[in-house]
Every structure is written in C-alpha cells, then in structure tokens.
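Chains as they are written, first to last, in the working numbering: chain A, 31 to 275; chain B, 1402 to 1535.
Simulated from the structure, these hints should not be mistaken for lab results. Where a beta carbon is used, it is the ideal one built from N, C-alpha and C, also for glycine. Errors might be hidden in some of the hints.
Pair ranges (Cβ atoms, derived) [said to hold, decoys possible]:
#: 1; chain 1: A; residue 1: Asp37; chain 2: B; residue 2: Asp1529; range: 39 to 49 Å
#: 2; chain 1: A; residue 1: Asp37; chain 2: B; residue 2: Gln1513; range: 39 to 49 Å
#: 3; chain 1: A; residue 1: Ala120; chain 2: B; residue 2: Pro1499; range: 46 to 56 Å
#: 4; chain 1: B; residue 1: Gly1420; chain 2: A; residue 2: Glu79; range: 32 to 42 Å
#: 5; chain 1: B; residue 1: Leu1404; chain 2: A; residue 2: Glu75; range: 47 to 57 Å
#: 6; chain 1: B; residue 1: Ile1460; chain 2: A; residue 2: Met219; range: 58 to 68 Å
#: 7; chain 1: B; residue 1: Gly1505; chain 2: A; residue 2: Thr265; range: 56 to 66 Å
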Amino acid sequence: MDLKLQDKIVLITGATGGIGRQIAEDFEKEGAKVLVVYRNLQKFEKLTEANPTITGYHCDLLKTDDIKKMIKLIVEDHKRIDILVNCAGAVVEAPFAIVDEDQIEKMLDINLKSVMYLTKAILKPMVLQKEGSIVNVSSITAQKGGRGIVAYASAKAGLDAFTRSLAIEMGRKNIRINGVRPGAISTDMSKTLKERAENYIAEATILGRFGNPKEVSKGVLFLASNETASFITGTTLNIDGGFML
Amino acid sequence: MQLEEVLENVKTVIDNSIGFPAKDIELEQTLFDELGIDSIDLVDILFELEHLYGIELKISDIESQARERLGDQPYEIDGVITPEGLKVISEFMTEVNPEKFVEGLTVHQLVQLFTVHSLCKIVLYRIDEEANKT
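Looking at chain B on its own, in the form it has when it is part of the complex:
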C-alpha cells in the first residue's frame, strides 16, 4: 500500500470528522495544533480508518516500536521521555522536525507532535503487520 493512497483516505476521514477541507490538508500539518483535532475527534478518525482497512490502530504503535528497539533501556521515566528515548523516537518519526524532540518532552506532549504523515505511517505499519500475519 502506498503512502499517497492512505493519505487520500486520511484526508477524507479528517474532513468527515472535523470538517477541515480535505483539499487543504497537507502531509506535514500537525493534527492537534494546525488541524484543530482533539483527542475525542481522534477516536472517530481512528475508528473510521480501522473500519476502512479492517485493522486495529493504536496511536501508541510508534512508541511501542521505540520501546522495543531500546530493549532494557528505559523509554520514559515518570512520563518524561529519556534522552535515549528521544533519540530513538526521532528516528521513527522522521516526518517531525528533529528540533521538536527537546529534553523534558513528556509522553503526553509527544502526541501533540503527530502530523498527518504520522497518522498515515501508523496506518501503513498496521497494514504491513496484518499482511505479515497472513
């Protein structure tokens, strides 16, 4: 599955959910600050995408991959992402400006950095996972 195809569906789903015109949605826009999505909007955006692709999406998928790569090293301590965690998560989230991964960033704040591209990557990751299962 190609990024472009997922992107078109993500745009449509966001448009249907919050009324932000699909034609004005760009890959690099942040979900929360720039598109004005909130966590409850995200619920039906994820459900619509799950329904569309027949998969189960988890917004924590990217973090799970980072935790796995870190092995025994901690990803976060008391909700604050460790320096090692920041390094690994920035490698997974190349779509986000690296300067945003500052010391003291919390797990909660990380979600605020998610872009349209991040959402597409989560969808693509799950599609691949499902394909590998079968």
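Looking at chain A on its own, in the form it has when it is part of the complex:
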C-alpha cells in the first residue's frame, strides 16, 4: 500500500538508536525527506554512512532557545515540517529507593520534557501550514510498569497522557498526535533486558519472541501517514506481540 509519504518533510529524534534508525530508514524508503536531530556527531555520521541523504540538525532538546533556532532553520530550509517522530529516549536501571535524584531528573528530561519542548516548538509551523502529524514512541512499561525502571516508566506514562491531551487540543487544527508502545524489541537498549529475562519475556509475550525494530517502525509510519491514519488521533498503539494481554 502506498503510504503517500513521498516528499514529506519528516523530523525524527533518537534516529541513531535501534528503533529510531529503522524509522528513519523506512521513511527514506517511502520517499520522504528525512531530517534527524542528533547530539552525538559520531553516531550521526554512522547513520549517514549508510543513508547519505539524511540531513542532520545538531540540537540539545532541553534547550528551548536552541530548539526554536533549529525549527526556524528547518522551516527556512524546507518550508514546512509534515511529520514529527519523537523517538529519543534513555533508560537507566536501578531500584528506585537507591537511584540518584539526578538520574530521576534525567529520565524525566529525556523521555518527557524534551518531547514537550520540541513538540511545542513544532506546533507553530504545523498550525501555520494547517496540517501535521506527530508520533510519540512510548513504551509498554507506561502501562505495565517495571522493576528498576520506575522513573522511566513514569515518564513514558506521562508521554502517553501528553499524546492524548495534545490530540484533544490540536485536533481542530488538523494536527494528529498518536503514539506507539513497543514491548520487548531487540535493540542495543534492550540488550541487558534480553540477557537477564529472555525466557520470561518470550513466555509472557503471546507471540513467543522479542520483536524487531522494523515491526515498530511499520506502526509509526502507519500512524504518521494521512493515507492510512487520517481519522486516528490520540491513540497509542501497543506493538508488543501481545505482552499486555
């Protein structure tokens, strides 16, 4: 099915990670113009080695002035921003009772606050162009919770509430906001989880295995596209192999 994403301007965060990279590559394959926000130049260069047409913008997503400058530059360069995929995220595992306070702050900053800051800045061009689609990459832990990831799961639950509330606000402006909740997906980020609990996860997942980034990416592109999801907003789709059943 043609997702009609050709020439769409798509901004992606977290595109140097496992799921984000797959999302960036899949948008490229659909003919979209992919722009990624990066902090680590080496990781970005690794991404563009295989995908030379991807354009990068260096930005600290916790610095609102830098975000505004970046959005202004993107609009100058590309005239519009059709789709935003918020995929940047990080997890630090430790029992909550002994986790450092600055780690709690970091989890909320990376997984929730930075998404809010970037999304807020991008709403202006989307409102002016009278159209837009945003997809937030959450986590199944937002619903399920998880040992050792209390702050991360809380931030992702906040992200789900953000998706719903913003969808309510922006629907009349023809801006759709949706999300996906990946379950156990084979990436570098889930490496330790896989080593520690592969058997448990395979057993608890109805489909009996870890997912792969491609399976998440398919869901993101589906929700981002006006061809497939024009009447879907405020939804966060579980892509978890049935883990939550």
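Here the structure of chain A is known, so what remains is to put chain B in place on it, guided by the hints.
Using the frame of chain A, we list chain B on its own:
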C-alpha cells in the same frame, strides 16, 4: 507602527481563523464573548500575527508589565488578582471598561476581558520591544 495598521491585520487574521467577517470587527469587541474566539483559536491567531510581524507574542505580556510595576507587591494571590494588581492592570488595559476590574477577578478571568484593542496593544508592545533591541 500605527494602531490602525495593526488593527487591519488583526481583523484579517481573526477572519481567516474563525470566519468572523473582518468588516464587522470593532476595536472594542471582546475576543471571547463577542467574537466567539476560544483559547485554541487564539493559538493560530497569535501564530499568524507572529509570522506576519516576525515577533514572538505572549498573551501574558500585559500582566508581566503590571507585575514589574508592582515590584515587591503581589499581583495575585492563589490566582486572584490583588486590589493593587487590579489598579495597575486597569491602568495598562485602558481599552477595557474599568467597572470590569472587580474584586475577586482571577488571572484566568482576565483573559476573558481582552478586546481586539488589547490584542493590537500586545502586538504593538512586542514590535516596540523588538525595535528597542536593535
């Protein structure tokens, strides 16, 4: 920049946003009650004006000025504007009937008093601020 010029653009932007005919918009009409604008409409009205003038608008600009003038005195307590706050804000918002600044008025309710003229003043204030920067 003259008020008349800003007013014409504000009228056009409101017309484009909510379909209220520009020719029927008057300076003294309230945005919310009389023109039927709601807070989400206000978002694209502000964005359109920002885009048009290359400025960043904040609906709280008038309150910020009032807070600055009050110095150490509180502008509001628990969301209710203090008597001193009411006095100062009414001096900034001379376009609004002074009788509307009643005791117990909340920060949230203040926005409901905004008129087309108030919006023009916010735009003019920001244009001046930008001009003073350069």
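| message | Output the indices of the hints that this structure fails to meet, ascending. | response | 4, 6, 7
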